[in-house]
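Here the protein sequences come in this chain order: A and B. FYI, the numbering for the first sequence is 3 to 235, going by this note's numbering. FYI, the numbering for the second sequence is 62 to 552, going by this note's numbering.
Hints are supplied without guarantee of correctness; some may be wrong.
[Stated by the list, open to error] A few chain A residues that don't get close to chain B, going by computed Cβ distances all over 10 Å:
id : residue
1  : E29
2  : K45
3  : L54
4  : A55
5  : A56
6  : A68
7  : A85
8  : R86
9  : D97
10 : G107
11 : P146
12 : S157
13 : P160
14 : V167
15 : V170
16 : E200
[What the hints assert, rightly or not] Here chain A is said to cover these stretches of chain B; the calculated rule only asks that three of the stretch's residues, wherever they fall, bring their Cβ under 8 Å from a Cβ of chain A:
id : region
17 : 72-79
18 : 205-213
The set of hints was computed from the structure by calculation and includes no laboratory data. Cβ coordinates follow ideal geometry from the N, Cα and C atoms, glycine included.
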Amino acid sequence: MNRATLIFLGAFLVLTLSWGGLLLSNEQGYGALTPYFDDNESKAYPALVPGLAARGALVYADLGCAYCHTQQVRGGELSADLARHWGDRVSYGRDYIRNPRVLLGDLRVGQDLRNFGARAPAAATLYLHLYDPAAVVPGSTMPPHPFLFEQHAISGQPSPLALKVGGVAPGTELVPTERAEALVAYLLSLKDGYDFPEESRKNTPPPPPKEKAGGKKEIAAPAAAPKPEATKK
Amino acid sequence: MSASKPSSPVLPVAEAADIDAAVRLPVLVLLAFAILWLLTASALGLVAAIKLTRPDFLASCEWLTFGRVYPAALNALAYGWGVSAGLAVALWLMARLSRAVLPGGGLLVVAAVCWNVGVKLGILGILAGWSNSVPWLEMPRQVMPFLLVAYVCMAAWVVGALRAGSSPRLYVSQWWVLAALFWLPWLLTAAGAMLFFAPVRGTVQSVVAAWYAHGLLALWFAPLGLGLVYYLLPKLLGKPIRAYYLAPFGFWFYALFSAWAGAARLADGPVPAWTQAAGAIASFMLLLPVAVIAVNLFGSFLGGGLAALGRGVVLRFAAVAALFFVLSTLLYVAMALPGVAAITRLTWFAAASDYAVIYGVFSFAVFGAVYYLAPRLVGREWPFASLIRAHFWLALAGLVLAGVSLSLGGLQQGRELTNAKIPFADVTQHTLPYLQAATLAGALLLLGHLAFAVNFVKLVLCPRHRAASAAAPVPASLLAAPELELEVHAS
């Protein structure tokens, strides 16, 4: 049994090493990132997520949007994320520190949504898109979400949010549920508008195209978060 | 492992029968649960696959929207099928190799029922909208402690089988199984705590999630599959593992590097560059253990081994598992190279290599092991030999079709994603033919699993020749496996 104990201890050690080296060190390091306070604007960034949008993030998680949509604008020489206008800059670690659940996503069946709020259509179009994606983007393979809408009898004024689609019985209207409103508020809140000076400095490639060794690496690194000690406001 | 010759290389038939009788009930109960989950997972997976190309399919049902049914399928596969079946074969293997007559498996059956109730609650939770949306950790956090306790109770029996055994040796099969049994609760506890009970901030969560996802595949599914293959190949080929003395190096290096390799999943993401680099380096270093393991496993086929593939279906399952282990690990190595990562990450290509581990390595090894052990447990032959062959070919066709189509589709998707001139909507449209092929593969897999289930139910329940051969182990001519125990492992 001695050998079994040895294997047990060895297996424990191996995994504990990686836990300490990858998880604990990152948690102690850039897990301590703080919001950046901009003295000129007297505001801290990233901004707090408004309450309705925060609830929308839960809807985003429960519907599993993250299986098809990433939320990370990637750098790297080959990446076309910026050219696709998925963001003005790559995503930094600091962008996510206000998000209770970070869902970077593994797969891009749909477009990246990290800065969707910056390029989103009007809310009415977005509701229609959720209800019937193919009606907005012909041929879209995004699943329709009819269950985020409910049919009401119109009482008094028609709802301003009512969908303009056919097939609704006269005297009734199709309106987004509270969850749909929260989800849309969340989607519209998705934008990393502020460029942190710390990260920005690190990630701007040196202006003159002077070839230097490891230049690829420099460009490949923009997504990296800064060292924690340098982030104290 | 020890160099000393064992007192009796061949396990006496009577002793083997005693060992099998002691684990019969828990192993069969776990397998029955596992097969039910396998059918559930393949059905849910097929629904998810259809939805990828036909979004209107079952669109009005919120419980079956893609973002819920897809993780539900993966969780049913990983925790319903994977853990139940993995523990079933691990228990049998450990009892056999340690020569342990397990006392009273009743508690183990209780733990198995608890585990499966927990998984059921978790998957219903995902479908009902309590998903965490963290890959492989979607089940609501409330069921996690429950699952962990049930798992520990089950795994403790397997370790108990090792301790109760009379064998003085510890085989490499047992190394892999023992380590995997221990790694899963460690991974689950650490990741669950850091994500759900005391959440870490920002994208550190993504590092935790990547560590867990890779750990689940590379430190639970792959090792269990390997443990079975290390057992089955020499046994069925009737000759020892080639270069057996290297096997421990394969084990330790694989464990060491796989534990870090998960960080490579975050290539070019918003996490520190050193973390990505550590993952890439660890992934690259996997070349070393995979070379050792390949020599161990494929070396046995040299000199007439290939001809044996035609004889037994168990050997074929094990050989495919060995092949896919090498293949999937090489894919992880390739995806760690910076130029490749930029193309393949966030595409179907990366997903395909994960499926290859869980299906090609683990499930194939388990299928082989079940075809080998179940007749010995119940004391009669599989009722339908044709269904076994049908299962093998359907599973292999599904695996290869899904693997090839998703890999090619993913490569094309990745290349088009890096070309901003191609509109994003077109990129997705161009993957549809590949996804349709993968849907067909899913249907083949479901058919194969039905054949497996029918055969298993008939084998266990058919009362006709129960009395006839309950005592003696089966000659198992179909499986072409001698009842020679243990010695074939020695070098």
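### Task
Find the hints from earlier in the document that the structure breaks and name them by number, from lowest to highest.
1, 6, 7, 8, 9, 10, 11, 17, 18
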